[in-house]
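J.: Spelled out, the chains give:
2 protein chains.
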Amino acid sequence: MNESKVNEKMEELLALIEKNLYCFFCKNDPKNLYEPIRYLLDAKGKRIRPLLTLISAGILNGDINKAIKPAIALEFLHNFTLVHDDIMDNSDLRRNRETIHKKWNTSIGILSGDLLLAIAFQNIIADVGLDYCKEVLLTYTNSLIEVCEGQGFDLDFEERQDVTINEYFLMIEKKTAKLIENSMVVGGMIANGNIDDIRSLAAIGKSLGLAFQLQDDLLDLTAINPKFGKVVGKDIVEGKKTFIMLKAKEVFTKKEEVDLLDTFFLNHGLSPENVPLMIQYLEQNGIFELTKETINGYFSTIQSHLNKFENNIYKELLNNLVSNILNREY
Amino acid sequence: MNESKVNEKMEELLALIEKNLYCFFCKNDPKNLYEPIRYLLDAKGKRIRPLLTLISAGILNGDINKAIKPAIALEFLHNFTLVHDDIMDNSDLRRNRETIHKKWNTSIGILSGDLLLAIAFQNIIADVGLDYCKEVLLTYTNSLIEVCEGQGFDLDFEERQDVTINEYFLMIEKKTAKLIENSMVVGGMIANGNIDDIRSLAAIGKSLGLAFQLQDDLLDLTAINPKFGKVVGKDIVEGKKTFIMLKAKEVFTKKEEVDLLDTFFLNHGLSPENVPLMIQYLEQNGIFELTKETINGYFSTIQSHLNKFENNIYKELLNNLVSNILNREY
Chain A
1156 MNESKVNEKM
1166 EELLALIEKN
1176 LYCFFCKNDP
1186 KNLYEPIRYL
1196 LDAKGKRIRP
1206 LLTLISAGIL
1216 NGDINKAIKP
1226 AIALEFLHNF
1236 TLVHDDIMDN
1246 SDLRRNRETI
1256 HKKWNTSIGI
1266 LSGDLLLAIA
1276 FQNIIADVGL
1286 DYCKEVLLTY
1296 TNSLIEVCEG
1306 QGFDLDFEER
1316 QDVTINEYFL
1326 MIEKKTAKLI
1336 ENSMVVGGMI
1346 ANGNIDDIRS
1356 LAAIGKSLGL
1366 AFQLQDDLLD
1376 LTAINPKFGK
1386 VVGKDIVEGK
1396 KTFIMLKAKE
1406 VFTKKEEVDL
1416 LDTFFLNHGL
1426 SPENVPLMIQ
1436 YLEQNGIFEL
1446 TKETINGYFS
1456 TIQSHLNKFE
1466 NNIYKELLNN
1476 LVSNILNREY
Chain B
1156 MNESKVNEKM
1166 EELLALIEKN
1176 LYCFFCKNDP
1186 KNLYEPIRYL
1196 LDAKGKRIRP
1206 LLTLISAGIL
1216 NGDINKAIKP
1226 AIALEFLHNF
1236 TLVHDDIMDN
1246 SDLRRNRETI
1256 HKKWNTSIGI
1266 LSGDLLLAIA
1276 FQNIIADVGL
1286 DYCKEVLLTY
1296 TNSLIEVCEG
1306 QGFDLDFEER
1316 QDVTINEYFL
1326 MIEKKTAKLI
1336 ENSMVVGGMI
1346 ANGNIDDIRS
1356 LAAIGKSLGL
1366 AFQLQDDLLD
1376 LTAINPKFGK
1386 VVGKDIVEGK
1396 KTFIMLKAKE
1406 VFTKKEEVDL
1416 LDTFFLNHGL
1426 SPENVPLMIQ
1436 YLEQNGIFEL
1446 TKETINGYFS
1456 TIQSHLNKFE
1466 NNIYKELLNN
1476 LVSNILNREY
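Heads up: the protein sequence lines correspond to chains A and B, in order.
If you count the first sequence from 1, you need to add 1155 to reach the numbering used here.
If you count the second sequence from 1, you need to add 1155 to reach the numbering used here.
Chain A with its partners taken away, still in its complex shape:
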């Protein structure tokens, strides 16, 4: 298919999203809540979740316009989690700008997050047709529950030394993958997809979500492009129990490697000067390669499910989007 036509369609969808993102915020009072919400939405994210909803509806030849408000609601839900997570993680920056609780305060962070979520619900409820009202809403609510539970596990893992790889996957399935999965499922539902189609969309979304998270963990240690806006090895300094570090626990055998890894787990992170050595050990033990292979495995799953769908411009778009996400280098 004509590459420029695909790009054009992508721009069209993104423009549709941006246009619809703000029309729920004509209200201005109380200013102390609506201003932070607009500030948050102004910081252009990649809009991956609403894009996936629209694209999924399009793959099944559904009406994109029927999917736009639920798509926006999913972007709001995602942004809601960002605001609250940033408070819990004590993060100062998000998308290269001050986080809401930092620019205003914690109360405003909590409350503007709550309000954003409320508005998301209002929109999705007001918009969806009665015929699939319930299933779309339950999928939406399920995403919210899973995201909260995933963040709960993440907080719990910070305190624990004995997190397993299975537990890690349970956590990222909930915290990251479920919302991506459900963004696609909602699109499929609105296009009146049959159960097999919906299952394939769910499988694609779940694989994409998991791959996305592993890619994120990997980029933290291997990204070289300064545009990524992160300090390399931040996760190691902060003691994050990522797939990479948990895999290292299974793989490392040499005394000096095991010692450094033990230090990482016992001290909840390493000092920055120890990061290069840890990266060297991870590299030598093939952990990065293994992570890439795992990501490629998800990529294959995505492809096999994608093949079930008839060719159309949205399928092409999804293919591009998946490749862009999984091949990003920063």
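Think of the hints as simulated: they come from the structure by calculation, not from any bench.
Keep in mind that this is a model prediction, so the values were computed, not measured.
All residues carry an ideal CB built from backbone N, CA and C; glycine is no exception.
You may find that some hints are simply not true.
[Said to hold, decoys possible] Just the calculated beta-carbon pair ranges, DEER-fashion: (1) A:LEU1325 x B:ASN1260: 15 to 25 Å; (2) A:LYS1463 x B:ILE1480: 58 to 68 Å; (3) B:ALA1281 x A:GLU1405: 39 to 49 Å; (4) A:GLU1163 x B:LYS1186: 32 to 42 Å.
[Unchecked claim] Once the Cα atoms are required to be at most 27 Å apart in a straight line, the calculated DSS-like pairs of lysine-lysine come out as: (5) A:LYS1447 x A:LYS1395; (6) A:LYS1410 x A:LYS1389; (7) A:LYS1289 x B:LYS1221; (8) B:LYS1182 x A:LYS1289; (9) B:LYS1221 x B:LYS1182; (10) B:LYS1402 x A:LYS1186; (11) A:LYS1389 x A:LYS1402; (12) A:LYS1395 x B:LYS1257; (13) B:LYS1447 x B:LYS1409; (14) B:LYS1289 x A:LYS1289; (15) B:LYS1258 x A:LYS1257; (16) B:LYS1463 x B:LYS1164; (17) B:LYS1160 x B:LYS1221; (18) B:LYS1164 x A:LYS1402; (19) B:LYS1395 x A:LYS1186; (20) A:LYS1258 x B:LYS1257; (21) A:LYS1160 x A:LYS1182; (22) B:LYS1174 x A:LYS1289; (23) B:LYS1395 x A:LYS1258; (24) B:LYS1257 x A:LYS1257; (25) A:LYS1186 x B:LYS1404; (26) B:LYS1395 x A:LYS1257; (27) A:LYS1463 x A:LYS1447; (28) B:LYS1186 x A:LYS1404; (29) A:LYS1201 x A:LYS1470; (30) B:LYS1174 x A:LYS1174; (31) B:LYS1404 x A:LYS1182; (32) B:LYS1258 x A:LYS1395; (33) B:LYS1470 x B:LYS1164; (34) B:LYS1404 x B:LYS1199; (35) A:LYS1395 x B:LYS1395; (36) B:LYS1257 x B:LYS1186; (37) B:LYS1289 x A:LYS1221; (38) B:LYS1395 x B:LYS1221.
Go by the hints and put chain B onto chain A.
T.: Relative to the frame of chain A, chain B by itself:
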């Protein structure tokens, strides 16, 4: 009507509420979120909102059992606001027990509140019939938006010197009254009430909510019963701009009174030793009496709307509940 029969019915409704309150929490993982939620629900509140939903359905001869899950969802919504408000207000105690963010930490407070809200949505969506799915859900979501906006105004008022009585009413309408109003409206909707009935229920709920808040402000200064569990004059010490203090601003004329009031507004509160003098000024200027009259005005509104409904045990129950709330002395 037989008084003991009315009491019996009240016990029956409360038992139905308690029974249904926990069946959504069979899950236990992640423990760090479900444990605080159960802890919160264990601290017996008055369950006014779910009671009002059930009673409203009953007044219109609707099926109480159809209203129970939406009723519970409204109690969850209320509890969600308590957890987040307690963080924002930095409160250590709630219902005489440690608040969640105090007993655990702020992250657990934010997140278990979010999860509680998510579960509330799940239940109300899973349960309500498709025929009124949308209107009940929109009413529910509207409550959430109004509560957030109300709390936003409340936070804003803390910083401002020029809050008017009208603004105060706008704030408590949103923060307190709307959820009580909508608890009744949802009950009416589930009983398939006509538009006039729903409007009367809404008017009763709104008046009850406003009266409840004014009563609360009044009790802070006049309660004598130690069971109230509050220090008398806490609102004055904390600089809360209640109806009483804003009314004083309109009424006070003597220099010493105006001076003390100015100190209150400028310093965001008075020191505890100045509270008795302020109470004396308020008393002398008839502010307490005026507040009671305003509350009685709401009571009359409630009665006139109640008179429109046919007599049944639920109407009796509502009458009792309203009297108990508005005549409470602590």
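J.: List in ascending order the numbers of the hints, as given earlier, that are violated by the structure.
T.: Failing hints, ascending: 4, 18, 21, 30, 31, 34, 35 and 38.
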